[in-house]
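Participant: Spelled out, the chains give:
Protein chains: 2
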Amino acid sequence: MLDAMTLAEALTIEDMRTAHERIRPHINRTPVLQSQYLNDLTGAELFFKCENFQEAGAFKVRGACNAVFGLSEEAAQRGVCTHSSGNHALSLSYAAGRRGIPCNVVMPRTAPQAKKDAVRRYGGTITECEPSTSSREAVFAEVQAATGGEFVHPYNDPRVICGQATCSAEMLEQTGGVDAVVAPIGGGGMISGTCLTLSNLAPEVKIYAAEPEQADDAARSFRAGHIIADDAPETIADGLKVPLKENTWHFVSNFVTDVPTVSEQEIVDAMKLTWKYLRVVMEPSSAVPLAAILKNPDLFRGKRVGVIITGGNVDLDRLPWTLG
Amino acid sequence: MLDAMTLAEALTIEDMRTAHERIRPHINRTPVLQSQYLNDLTGAELFFKCENFQEAGAFKVRGACNAVFGLSEEAAQRGVCTHSSGNHALSLSYAAGRRGIPCNVVMPRTAPQAKKDAVRRYGGTITECEPSTSSREAVFAEVQAATGGEFVHPYNDPRVICGQATCSAEMLEQTGGVDAVVAPIGGGGMISGTCLTLSNLAPEVKIYAAEPEQADDAARSFRAGHIIADDAPETIADGLKVPLKENTWHFVSNFVTDVPTVSEQEIVDAMKLTWKYLRVVMEPSSAVPLAAILKNPDLFRGKRVGVIITGGNVDLDRLPWTLG
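Those protein sequence lines, which keep their order, are chains B and Z.
Per this note's numbering, the first sequence starts with residue 1129, numbered consecutively.
Per this note's numbering, the second sequence starts with residue 1129, numbered consecutively.
Check each hint, because a few of them may be wrong.
A pair holds if it fits inside one copy or across any two, identical chains being indistinguishable in the list.
Claimed, not checked - Derived DSSO-like pairs (lysine-lysine); straight-line CA-CA distance at most 30 Å:
1. Lys1334 / Lys1369
2. Lys1243 / Lys1334
3. Lys1244 / Lys1423
4. Lys1243 / Lys1369
5. Lys1244 / Lys1334
6. Lys1243 / Lys1404
Since the hints were derived computationally from the structure, they do not count as laboratory data.
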């Protein structure tokens, strides 16, 4: 097996195209929405690629479907497994359910009940762990050994990166081209896929990875020139707490233009603006790009800017602006 | 001038096509979204036509744009005027702003501040009245006399009906055809446009006008065979409180299959379901169709059903499921 760095470097635009053909029957070609109000507010022309409208509510179905439907028949029989408290758990369960194979997910017992319910609805099996890295790794090792399932990492897996890469390929087609793309960064799966596609198909497009100040490990890694992992960051953008890994670092370090950061309040404000004027239900992580655009108007004024709305799984009973 | 009944009867599918060409540069071709979860829940294949993604947040920009852009240069100089506390006020202001002509709106002083702000943002001028029919009519007569502006009724105007008719024309193209369409009914503008288009282009499609039990004047009119107007109905679906008028009654009485009604709780439940699983921000009125489908599963099981999400202007600080 090739080492990890080589895997990321070896990915080509043909891998993205193969992924797109493979997953097309299982994903939504999500719409690109615009808002004149938000354009006027930012001075830019914004194109919101709405991945919250994927069936499992997040772009992660792209990578999960590519991994699941790329398995050989023999490997597929043993199913897939992963650890995730969030959208990757739902998405892998969805993909496995579409193929009719087992999916085992290790989730912290403290994960939101709604996420657990969704995993089970899609046919996934949950094994709970304590909310610590050591417990998660120990429990996951047991599950993997017992099932023999194929491990699909939430973002460091090249198959996953190729799946996520299909999102910006659609966006290029739907918009006719942009000057910049802004997406949130957590572990870097979406950003890596965006880099893979744009560096090949539209290398002039600037790529901004937007991040919460309170989980700014990617920004610090970007400036330092090597991966810096935070110790348990806390942010309302709960999809963005995880650190970069070697495959995503390859793309971030080579193709990302900058990593702007935003405060918690800026995230909530941008989230509410988007709900109000674009009228989509999206999670706090998805508001980080608009917050970064509003904070750095000179970077984007007069530009055509793609904004990836990464997901829409949010607790409607606990919206941040209704909490005391 | 022809009398009103004759006006509605005289409308043809060519009027819809003319309207569509006229308004195309000024409206969004809104996407049709689907949710496997909601399909499983209802046993139907649901196609949600998302008019909440119009710039002013509602299908009413279609009718407003058709009226505004159909005016002669001479008439346009005097501008347009209307009375509305809701989406028609925003939409007419938006349309007039696009053409660069004056728009005067009479709104009750009790209308939501957010709606007033939006009217002004689009360039509309508000004259406030007391929240009563007599005050509204008196103030509106003054405004119209002072400005000489063209009155564009929120729904009884044939130009408005033709504009709304473009929505289901797009839906037919986007879905490749449906067995039934369900839309909410208030004054009947959207339903009338739907009838105009479907009775010509797809006469086999059943048309359901869904209505709140607490504002069931259309259901009672439908059964009685003549217009019955409620006296100040009260419902969370605040876009649906207005009565039918002669032009919309023509379509309702001739082309609607049935007028199912739903309770306030059923509306709130359907609204939350749509926010959660379709992940769109839409107002209570727009949840009435899904509530009717859930309440009458036998009518829709196994069918391809178009559902019109009419608007997305809602107070995010006062969502019905977060109120005590």
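Participant: Run the structure past the numbered hints and jot down the numbers of the failing ones, going up.
Facilitator: 2, 5
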